[in-house]
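Dock chain to chain to rebuild the complex, using the hints, since each chain is given by itself in its own frame.
Heads up: the protein sequence lines correspond to chains H and S, in order.
Under the working numbering, the residues of the first sequence are numbered 1 to 268, in order.
Under the working numbering, the residues of the second sequence are numbered 1 to 336, in order.
Hints are computed from structural coordinates only; laboratory data are not their basis.
The beta-carbon is built from N, C-alpha and C at its ideal position, and this holds for glycine as well.
There may be inaccurate statements among the hints.
If you want the footprint, here are the derived chain S segments under chain H, 3+ residues with CB under 8 angstroms [to be verified]:
1) 212-218
2) 222-231
3) 273-286
Residues on chain H that point at chain S, a partial pick, calculated with CB under 10 angstroms [stated by the list, open to error]:
4) I92
5) M103
6) Y133
7) L137
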Amino acid sequence: MNNFLKIENLRCGYSGKFMLNGINFTIPKGTFAGIIGPNGSGKTTLFRGITGEIPLRSGSVILNGKPIDKLSIRDKARNFAIVSQTTESLNIKVEDYVLMGRMPYRSYFKFLENAEDYEIAHKYMKLTSVFEYKDKLMSELSGGEQQLASVARALTQEPQFLLLDEPTSHLDISHQVQILNLIQKLNEDLNLTVLMIIHDLNLASEYCNYLIMFDKGSIYTQGSPSEVLTYKNIEEVYKTVVISLTNPLSLKPAVFLVSGKTLNDKKL
Amino acid sequence: MNEKYWKWVITLSILFILLIASIVVSLSSGEVRFSLFDLKYILQHKDSLEYIVLTKIRIPRILLGLSIGGALSLSGVILQGIYRNPLVEPYTLGISGGASLGVALAIVFGLNLTAGAFMLPISGFLGAFITIFLVYFLSVRKDNFSINRMLLIGVMISFIASSSMMFLLATTTKENIHNIIFWVMGSLDEPNTMLIHFVLGTSVAGLISSYFFARPLNALRLGGKRAQHIGVNSALTIRILFIISSMLVGICVAVAGVIGFVGLIIPHLLRIIIGTDFRILLLSSFMGGSIFIILCDVLARTLISPNELPIGVITGMLGGVAFIVVLSSSKSKSAF
Chain H
1 MNNFLKIENL
11 RCGYSGKFML
21 NGINFTIPKG
31 TFAGIIGPNG
41 SGKTTLFRGI
51 TGEIPLRSGS
61 VILNGKPIDK
71 LSIRDKARNF
81 AIVSQTTESL
91 NIKVEDYVLM
101 GRMPYRSYFK
111 FLENAEDYEI
121 AHKYMKLTSV
131 FEYKDKLMSE
141 LSGGEQQLAS
151 VARALTQEPQ
161 FLLLDEPTSH
171 LDISHQVQIL
181 NLIQKLNEDL
191 NLTVLMIIHD
201 LNLASEYCNY
211 LIMFDKGSIY
221 TQGSPSEVLT
231 YKNIEEVYKT
241 VVISLTNPLS
251 LKPAVFLVSG
261 KTLNDKKL
Chain S
1 MNEKYWKWVI
11 TLSILFILLI
21 ASIVVSLSSG
31 EVRFSLFDLK
41 YILQHKDSLE
51 YIVLTKIRIP
61 RILLGLSIGG
71 ALSLSGVILQ
81 GIYRNPLVEP
91 YTLGISGGAS
101 LGVALAIVFG
111 LNLTAGAFML
121 PISGFLGAFI
131 TIFLVYFLSV
141 RKDNFSINRM
151 LLIGVMISFI
161 ASSSMMFLLA
171 TTTKENIHNI
181 IFWVMGSLDE
191 PNTMLIHFVL
201 GTSVAGLISS
211 YFFARPLNAL
221 RLGGKRAQHI
231 GVNSALTIRI
241 LFIISSMLVG
251 ICVAVAGVIG
261 FVGLIIPHLL
271 RIIIGTDFRI
281 LLLSSFMGGS
291 IFIILCDVLA
301 RTLISPNELP
311 IGVITGMLGG
321 VAFIVVLSSS
331 KSKSAF
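So here's chain S without its partners, still in its complex pose (with noise of 0.2 angstroms):
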């Protein structure tokens, strides 16, 4: 086999230990602490408290960081690959800034309340999809399809929703405005089980998705226009791959809240350790977004345990700091 596939061989399977032990820290880690070796025990004694905590707290959590993780990080370096810029990220167009409108109209009106626990997730992921649904028609005019136009506008769009968010905060009660920042600050506390299998399946159909476009992807990284000489399509795989890719964030952002840095730094190192090869990049990202995320999810909960940070405070400093370290030391080998 050739050397390039290999690498990646390696890569993926590293990626994969990494991911199962840090499952394993997240399970055993937490208020409750217990070890890999009680497993067994646990599981046979169903009415024992660390089995309730094992199977109703830490593997919904686990399953969720899981992935929205892998989902975030995905789409991030699919983003950074039809804008051939290595900067964006999903929240950079604007989805984000919607989803928290979405769920922080749905606040104040209080649909939570009277409409039950559903109309949160709902009014995040509608938020969303609008603002995917004015970013992609804002930007196609006839057949002129501009990738800047549509990164501008996405800019754009996310200012407009932060702003409207301020004036929702500026007018409305307190206890509106406390439940509106804890639902941004991001979390994967989720009861609901049907949510978080729903998250998880959609995340992995994307990933599965966007694999078939990993050629034309590797081929965009010419530019649109050098890809169609080489006969891919871009405009329709540009197309295809923005709506996978901000669908997926906006049923995250609906779910978790906003979890910010992690389709920006884990796509970023991995392609100053593995390249620019969206063959490989895409899995790794899911991968290495998983396991990021878990691995902040544990950070939340034992930091200042009993209490729990919210998820997006770690993984903001965290990959704040990580993405600065490595800029400054690599040389700009993550460019494409």
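Extracted from the complex, chain H is given alone in its bound form (with noise of 0.2 angstroms):
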């Protein structure tokens, strides 16, 4: 039970274009991972494999011990909750949209929400802060609201796992943290499994526990966040200089950008 997630020997993508290449990696029950790497480096398509979107060529996703792709569509959609990059801005109401999340635990024929999917969606809707805007249309909302509803989506589905797929790129720094804050909290207190792709060094030092960087369709190093983001691995996987400190207040690995004048500048 202690693995809770584990890849092994993964290869899947898209035939002749590209290939995710073995990869290996194990996430315990309450982690809260991310996974980082420059684009094109194979995240997405890891997402793709895990949730089924995309066959396995080889290699196995195993959830509690069993395959995954032994689950059915509506096993996945009860043990994986995916909240993507973009936002849904749709003529849905809020609630009726949250409400979704209990498609997974109801058969075709029954056709009416009952009084325990309610309070389940209202549950998370006020966790998420969304409940206010219960009746407006998800359109109506602005793009960082919009995010939150989709966590509360996700989370009304009663995952054990929460699949995050650059959740907070289209947003401003307040809304980041919030949504990052909102995730952390849930990780601690319903000690949800959180894997997350992310593309912000910093956030990902500052929320996750364990990161794993991909390069080029392959782990290139996986460990705690002060293990994973070092000088040499940034400049190594990105081909970016940069500077890796550490914050003074977290302790976690900071990563300062370092432009082009800067370094020509300074003679470096």
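Encoded structure:
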């Protein structure tokens, strides 16, 4: 049971184009794991492989000792909930949108939501502070509010595993922090396991307790933020000069970019 | 009970009352007029002219209008749901083109004269069925099922069918041209009661079977992949719904000809009024479509009485105008 999500020798991708090669990692229950790496390094492909959107060429994704390709679409939705980077601008009321998270729990023949569905949806809407917008349309919310509603919908699926694909990439820093604080709280309070693709290395460092760094379809390195976010690793993978220091409050790595002009001026 | 459900109940009740009202209007208007209060008297005198008009002409027409209007509108709302595009209608996918071509071929080869009256609906249905089959299998490649591809192939097949139809019209006799055009314009005049009962049965069956997919359709509003993320087998749902809706359209076109705009305008109006939840949208679109066609048929029968206008003319004009008015006044609330 301890090996909550285990990826073994995973190969998957798009024939002739891009392929993940021999991915191995294990995420124990309650981890807040971050997936980092340059564009096109295979982060999103990994997510597609895990959720079964693309077939696995070889290897396996094992959840609590069970290969996930044996799970039905419905069972997958009960185990994994996904929040993607684009927000949901739809003419659907926020409450109805969040209630959709109950889909995997009800048969097609039960047409109306029951009291329990409402109770669960309302609980997570309050937690993500979108309850006050419940009668608004999704399209009337701001990007940050839509993303919060998206998290509420994902939580309403009551998953064991929350997969986030760059959940904050379109948001300003106050919304970025609001969403990530919330996810951190859920991770701690509900012991929810989180796997998050994130571009911002500082956010990754600050929030995740385990990082997996991808490069060219393979894992370059994995470990705690201070093990992964070293100057050497970042320069090697991102081909960029950075300075990696320590955040004086959180004592986690903080990464600073250095512009080409500065490098020239300082003759580095 | 939840406020949302109350709204649905009220909407359905209003539509039900409107449906009854439109049936009453349709029953009593036409060349032979009588009021509703005479109904009891008429039903007691089975040898009267009114009794014959009522049972042999009006009631069958109303039943056919109810089924065809309901089925076309239902297919429209389903197709708009699976394509996530509020402008798709049953005829966008080439189904009517295919059916028309089938009927035109049957007329040109004289099958309607030699092989009996059933030949026209059967060849119409075959034409529709072949089109559905083509659109479906040309858009499925291995496991890859692209909804945009399906739409494009539908539009292309529609073009090919209408060009072939032009070819037939250009090369055949005057009498055949008249027959083809008359059929294409659409009519609820169907002498065969068995056929009417068949259409009624299939459209109700279509409503019931598609209703089981109301919640998956709701999920599809998020897009196929996201629907899958919340536990809906999107590909299977889309395939089943495509088959249900196109079969319905095929049968409607085969029996009543091309009656346009119902599948576009009714779902569109209803989305503006009650939102995009398919649990109410499917039922109300069916009823709305029935009301619309029954009333259009009243107009078609009475406007230039004693002659009759093709119902496709009325639905096209009314539908088109209403659509433009609605579109220019609403704030695109009817999108998904």
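Hint by hint, here is what the structure shows:
With 6 residues having a beta carbon nearer than 8 angstroms to a beta carbon of chain H, the region 212-218 of chain S meets the requirement of three or more and the stated coverage holds. Residues of the region 222-231 of chain S with a Cβ under 8 angstroms from some Cβ of chain H number 7, which satisfies the need for three, so the listed coverage holds. Only residues whose C-beta sits within less than 8 angstroms of a C-beta in chain H count toward coverage, and the region 273-286 of chain S has 4 of them, enough to reach three; the restraint holds. Look at H/I92: its Cβ gets to within about 6 angstroms of chain S, closer than 10 angstroms, so that hint holds up.
Because the beta carbon of H/M103 sits about 4 angstroms from the nearest beta carbon in chain S, less than 10 angstroms, this interface hint is met. A distance limit of 10 angstroms between C-beta atoms decides the matter here; for H/Y133 the minimum to chain S is near 16 angstroms, and the interface restraint is violated. Checking H/L137 against chain S by beta carbon gives a least distance of about 8 angstroms; that is within 10 angstroms, so the hint holds.
Hint 6 from the list above is the single one not met by this structure.
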